[in-house]
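So the sequence lines, in the order shown, correspond to chains A and B.
Each residue of the first sequence is one higher than the one before, counting from 64 in this note's numbering.
Each residue of the second sequence is one higher than the one before, counting from 64 in this note's numbering.
Hint data in this document are derived by calculation from the structure and do not stem from the laboratory.
Errors might be hidden in some of the hints.
The list makes no distinction among identical chains, and a pair is therefore deemed to hold if it is satisfied within one copy or across any two copies.
Derived lysine to aspartate or glutamate pairs resembling EDC-like cross-links, with alpha carbons at most 20 Å apart [unchecked claim]: (1) Lys313 x Asp326; (2) Lys447 x Asp425; (3) Lys138 x Glu791; (4) Lys323 x Glu868; (5) Lys706 x Glu791; (6) Lys934 x Glu95; (7) Lys313 x Glu919; (8) Lys934 x Glu923; (9) Lys810 x Glu665.
There are 2 protein chains.
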Amino acid sequence: MSRAKAVKSGKPGKASRKLVYFFGGGRADGNESMKELLGGKGANLAEMAGHPKLRLPVPPGFTIGTDVCMHYHEKGHSYPRGLEAEVRRSLSEVGRLMGRRFGDPRNPLLLSVRSGARRSMPGMMETVLNVGLSRDTLEGLIRQSGDDRFVYDAYRRFIMMYADVVMEKAAGVEPRGGVGIRKVLDSLLEEVKRRRGYDSDTQLTVAEWKALVEEFRATVVKVLGRSFPDDPWEQLWGAIGAVFSSWNGKRAIEYRRIEKIPDDWGTAVNVQAMVFGNMGPDCATGVGFTRNPGTGEARFYGEYLMNAQGEDVVAGIRTPAPVNEYSKNAQSRHLPTLERSMPGIYKELWEYQRRLERHYRDMQDIEFTIEKGRLYMLQCRVGKRNGMAAVRMAVDMHREGLIPARTAVQRVSPNQLVELLLPMLDPLAEHAAKPMAKGLPAGPGGARGRVVFRSEDAVAWASKGEKVIMVREETSPEDVDGMHKSQAILTSKGGMTSHAALVARGWGKCCIVGCGDIEIDEERRTFRTKDGQVVREGDWLSLNGTKGLVYEGQLPLVDIDIRSNRPYRAFMRLVDGFRTMGVRANADTPQDAAVALAFGAEGVGLFRTEHMFYGEHSEKPLFLLRRMILSETEAERREAIGKLSRHVKRDIKSTLSVMAGRPVTIRLLDPPLHEFVPHDPVRLKELSEVLGVRPGVLRRRVLALHENNPMLGHRGVRLGISYPEITEMQVRAILEATAELRAEGRKAFPEIMVPVTSTSSELVHQRAIVERVHREVCASKGLRRIPYQFGTMIEVPRAALQAGEMAQQADFFSFGTNDLTQMCFGFSRDDIGGFLPVYLEQRILLQDPFQSIDQEGVGELVRLGTERGRKSNKALKVGICGEHGGDPESVRFFHGLGMDYVSCSPYRVPIARLAAAQACLTR
Amino acid sequence: MSRAKAVKSGKPGKASRKLVYFFGGGRADGNESMKELLGGKGANLAEMAGHPKLRLPVPPGFTIGTDVCMHYHEKGHSYPRGLEAEVRRSLSEVGRLMGRRFGDPRNPLLLSVRSGARRSMPGMMETVLNVGLSRDTLEGLIRQSGDDRFVYDAYRRFIMMYADVVMEKAAGVEPRGGVGIRKVLDSLLEEVKRRRGYDSDTQLTVAEWKALVEEFRATVVKVLGRSFPDDPWEQLWGAIGAVFSSWNGKRAIEYRRIEKIPDDWGTAVNVQAMVFGNMGPDCATGVGFTRNPGTGEARFYGEYLMNAQGEDVVAGIRTPAPVNEYSKNAQSRHLPTLERSMPGIYKELWEYQRRLERHYRDMQDIEFTIEKGRLYMLQCRVGKRNGMAAVRMAVDMHREGLIPARTAVQRVSPNQLVELLLPMLDPLAEHAAKPMAKGLPAGPGGARGRVVFRSEDAVAWASKGEKVIMVREETSPEDVDGMHKSQAILTSKGGMTSHAALVARGWGKCCIVGCGDIEIDEERRTFRTKDGQVVREGDWLSLNGTKGLVYEGQLPLVDIDIRSNRPYRAFMRLVDGFRTMGVRANADTPQDAAVALAFGAEGVGLFRTEHMFYGEHSEKPLFLLRRMILSETEAERREAIGKLSRHVKRDIKSTLSVMAGRPVTIRLLDPPLHEFVPHDPVRLKELSEVLGVRPGVLRRRVLALHENNPMLGHRGVRLGISYPEITEMQVRAILEATAELRAEGRKAFPEIMVPVTSTSSELVHQRAIVERVHREVCASKGLRRIPYQFGTMIEVPRAALQAGEMAQQADFFSFGTNDLTQMCFGFSRDDIGGFLPVYLEQRILLQDPFQSIDQEGVGELVRLGTERGRKSNKALKVGICGEHGGDPESVRFFHGLGMDYVSCSPYRVPIARLAAAQACLTR
């Protein structure tokens, strides 16, 4: 049944449903709970005006409900019977409260007519201000304000707005000449200014305004074929209709489609008395926050402008004054505070803001206007705040007894937490600067440094104490050293999951990728922006990795070491009180592990054994690995493996030791072997000399390792089955490291994880090796048992489907959702740059599935895998490792699947903890 | 409850269960239906001996049931009470029938003791022959046979076999000196021969045999610590126990694990009177087939040897004689037939074989022995036959009323049909030749030709009328021309799904891949086998692609054009009478389509638009495609697309026309664009000149197209979304071709298929283009509607999971199980050679999942996709295209899922038709 039918047409014998909801004068027909009917704005105005604990001086008005909107659209733009009477009744009450009358030429009441849907749809629907202003009421308003220029300016604005919104758009009138009325009227004003040589509207004389509004009125008739209405009632119904019509405007429909807002919600219409902060020296307008939105401090903070309208505060032409001493800043220090200039009003305002915060139990962002010495509260809403402030407010309000712990935990968004964890460019400085290029925000936070173009240079400059930013087309494992030494990384190619992005996020390092705005000339060591600006090696850059913005020069940084920040620590205690799912970190080194611990990780969810072959200290192990891969004889290979084992053991031991008995999931060697050998002739020749292998043999061996699709090639467990000695070596290193630590009286608990499995028989094969080596190590160390668990990555679709079989061979699963996403979509992460931008732009995909897990597709595999695994092995531990472990939305999804833990980069551990806690609190 | 418990121990008051089943003398306790208890061999012997319609002269004997085997193993190698008495009773009946007595020194009965499980386990368990032969009975046997050398030879064989099987293996005795008794005894015999300078056993004198058997007996005591038994009963129970024990031997257990035979089935033991075909000139032995196994002709066919044992026929030392005129061949033409030499026996034999075929209603392979003028039927079983014979027999037997149509259809295996469809090397010639190398059998059939090493040479030589075989390390799309012109393809690398294998199978061309036995020197135009043999360009080779064998020189070929073969046509009519699932073909050209039609295809299930850019006539379209890909300006691109469209239309039109209204599924462009551009500098330079694009620009463009994992890259629908003009051009070509054909009064029905989709929004996007172009083409041709369907490949795991959404945008699904297998397993088809051999060898995978669909993993995606798709779109048509469509096991699986059709290469259409029909007949 259509909702419109529920709106009774006032037939006799039937109870007539209320259509119009009054607010003002300390009472209201509606309240905050009636958003469905009154829209967000209407419900909020009613609450402010009418709630017994608030009763704020809101300019009086009334709301026409959303049901009328649906009636309007379903019944050919007509209104339910009785509406007009209710509107008249309410309007006379508004007039009474304001001491004015709608349409009264001597003392006119002016109205604003605004939309207001259940959920905010900013800028998508229409607004008409100053309704009731006409040739008849002009004079009355001049008398009220004592400022005829102000009144004529208001009137010409009203004509422009009304003609455009009501007479042209809502009426669907095709303007003669094809140019919209607004544009035509604008050009008339410009023409006057041009003729007079004026720079600004304010230079027009009253006479000129008078002449112009007459020209406006004449032009409206010419262009739209109708004369501009002088009847205030006609104006009002026109404005109301225009707002209702705009619910079905193109912009609004498109917005609803994207935001998934049902078409049958409809919008309410709010009709409210206009008040003016610019009617004289006893007028003002301002905004305020019930607590400091920058720091979270629990003090009233605000700014105001004397004799001004709200827009003027926002426009930033005049410097606003502080409402009190606390609100002073460098720019406004010398200006008079409201507390001083209007102490009574300030006291009243202070009381209202306190009342509002108490009532809403959250920091409020308020707007107020003082019209001729009378304070009006125009709006209040939950105030925006930065991360630090959000944490502090949550903790403080909880301590003050204003909100329970669960609300405190929900008050901070995971992304706000990111702000806390990283240094950032000073927002004020950034506000003043102009970015020279924009790329993808791959690693959040801010950084500054001098430009270098090669990894070696980064290392060299950094060793001399220089702060550097590494700029490259793309990065590769060979650049890792330089990346590590850089303050930030900037690449012109690659996507959010390119090598640079992954590495930087893992380190919590600022990084911008895919910055197509710059063109790098590596040879000349310069890059050029699309504006033609050239940046040379050694020049300073500043990067905002949270937004992907690149600035020239050195912008100041703000930084806090959050780990010792008291509000942060208090907040995370609250968080962990609700969290049920574990949070681990992906860490490849003892350093990473220590950072992870400090951020509250409860284990290492992914330790990649291959990391030791990349980067700084990799020379020796990489040499041995290459010897192993490329050796010609069995004996050489065995020797290389034996030596390699010692490195692997030392490496594993140090991380196990840092984690002190917390589980450490060690993934067996994963990458295809060709990743470890050089491919260019020069390096190959070098290697051939070092290894003592003939160049021809080496070349052939390297060539044989080449793969067309390495992602789907000879890697993971496939290596462990082709070369069981590699598995054996690693397992031996893990178990010996564990045994040795325990012999030293320290705790250690490794989880041995087999990657890229697709069938349970692979696990049977690898498990046999693990069990044999375990027996051998036990025998050699004289132990009965070394504690460990055996499990597998689930990162191949088949493994997820076959989870029931897999689980019988495993103590744990760890979903590798990066690779699972690649294979489930058939998207190569390295090559996605070719089409993903188009996919996102065309909304074929709503988000990058490597950023936030694709719940429908990849997520179904995770769900199936978890269910089937648990069904066949009740004791199965299930977690996920991979980028998604640090994405709040994904964490919520994994919580919903009942996972035991998520694992993410150390710097995202707090974010995952918060997301996991919040997941417990929502449904 | 253990099955052993069911064997009652003969306690008073309980009915004792029968343990021993006699057969012989025209009666039998068991019959063919009792395989569970008597094993296959025992049940068959009982049937032959005892069935009222057979009553064949089988050497008498008895079977000890499988339940005794389980008792034996569960009760510490003991026997149920009463067994011994039953054995004695049965054995005396055997003696009575044979006119001999077990253990009688003057007229001894000798026995064979053999295993026989429910299902055949060839060679996995033990057999002991000549049981009952001892120092005491030797003389009696000499009297019976009149040949003492024969008897001593039998005796020494018996000692060797018994000492090995019973005294050493079954008893678990560790031989002194560590060398097995059989080897020790063998070396004694060799020593005698060496001393005497004999080449063959037959040269030993009776005295030497006598001395040797004494030495054997002494050695048995020395090595095994027990003396060789002379007591025939001890021998018999020893042999029975050894056969039972061998059920739990290592080989047998391993075999059962692989073949999934339950451990608790157990084996029966068959004890049977020995008969000898080598006791004199009135003795013979032979084998026969109730119909000709090579041609299927319904005539008795067989061979025999006078005075010989069964092994001698098999060993091939003497040329066997034909049983009748019909069985004569080139080698045996001059030898006397059994029909002539023993007419009474032949008549009897002919009668028996006829009886057997009538009884079993299938061609029987029989073994017989004539001992002193008396015919014994030793064995009968369903005879092996080649493909042609199988088809003819099935059709004939159905016509003769011997079998119903459904049985006829089940009588031919799909692989037998393959034999019919391709020329093959003459089996006799092949039998005589020695292969020089072995590779993977990628394209079945036989071929011969002269070796070339390059595609250009293949084309050049072929144009001069030479038959060539192209030999390469691997093939690529650039070799397609040469491949097409070659009789066969031989590669040293690549697997069953390499480029060469796929292309060859598509054409039904003989192909051997991954032939690691040869090393190619392309520069010198030679290859070398691992035996060091060198083959040069121009040398002749013959290939057996069904078995992967490579022969030197020219072997004769046998070939039949099956399409006009009458038994084949009759058979396929029977087949189609049962088939419910459709069969289409993958065809890219009108030629392919015509072949497919001739083979009975009901449509084209996959037409790849990209084929026109490869091979012979591709120059012009490839040039235009390259221009499109690499053009610098929009105008150039549009121009290239416009011209290209004409080629595409012509191409599509000709195939639509051949198929005359049958559905043709046209897949939109699939491969990543870089597949179409050259990558080496020389060719790039050429291209740059031809296209008139600056070399630098071209190089950059080509480089930008490079992908790390092209399989998961910018291909399929991703191209169609990035470059909607490519989709548009193809769709326009398809619809215009259809409209034009219909205007000419011909039928045409295209199905437009979008590849590599992973989300339904891709289909929404492409569908909008298709519908718009449809409107445009209709308008331009003045039509109301052009018939077509719109659908998608399901080849990405996510598409299968999201099938419910996808189906709402599609008229049909076609599962692309090649790519689905790649992504479900994470196996790159191109790179699988690195690990698949090890996987198959180690039985990590039981079969190559690209050959036969992985029913558990990939199959589940297909099942889910089909179910979900059909659920959301009742009218959805579902099929599969890809290699699996021609694999019988996969076809059966797809039938089980209720698919509408499978599509395979034209040459596999009959195979798919048969497999689809058989799928209807089994469960």
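Okay, the hints, checked on the actual structure:
1. In the homo-oligomer, the alpha carbons of Lys313 and Asp326 lie at most 20 Å apart inside one protomer (12 Å), although the nearest pairing across protomers, at 73 Å, exceeds that limit.
2. Taking the shortest alpha-carbon separations for Lys447 and Asp425, only the intra-copy value of 11 Å comes in at or below 20 Å, while the best inter-copy value is 87 Å.
3. In this homomeric assembly, Lys138 and Glu791 never come within 20 Å of each other (Cα to Cα): the closest approach is 78 Å inside a single copy and 41 Å across copies.
4. Proximity of Lys323 and Glu868 under a CA criterion of 20 Å is satisfied inter-copy only: 17 Å between copies versus 40 Å inside one chain copy.
5. For a Cα distance limit of 20 Å, the shortest separation of Lys706 from Glu791 inside one copy, 13 Å, qualifies, whereas the shortest one across copies, 60 Å, does not.
6. For the homomeric pair Lys934 and Glu95, neither the shortest alpha-carbon distance inside one copy (47 Å) nor that between copies (44 Å) is at most 20 Å.
7. For the homomeric pair Lys313 and Glu919, neither the shortest alpha-carbon distance inside one copy (30 Å) nor that between copies (49 Å) is at most 20 Å.
8. Taking identical chains as interchangeable, the C-alpha atoms of Lys934 and Glu923 lie at most 20 Å apart whether they share a chain (16 Å) or sit on different chains (18 Å).
9. Taking the closest pair of Cα atoms, Lys810 and Glu665 come within 20 Å of each other only inside a single copy of the chain (14 Å); across copies the shortest separation is 69 Å, beyond that limit.
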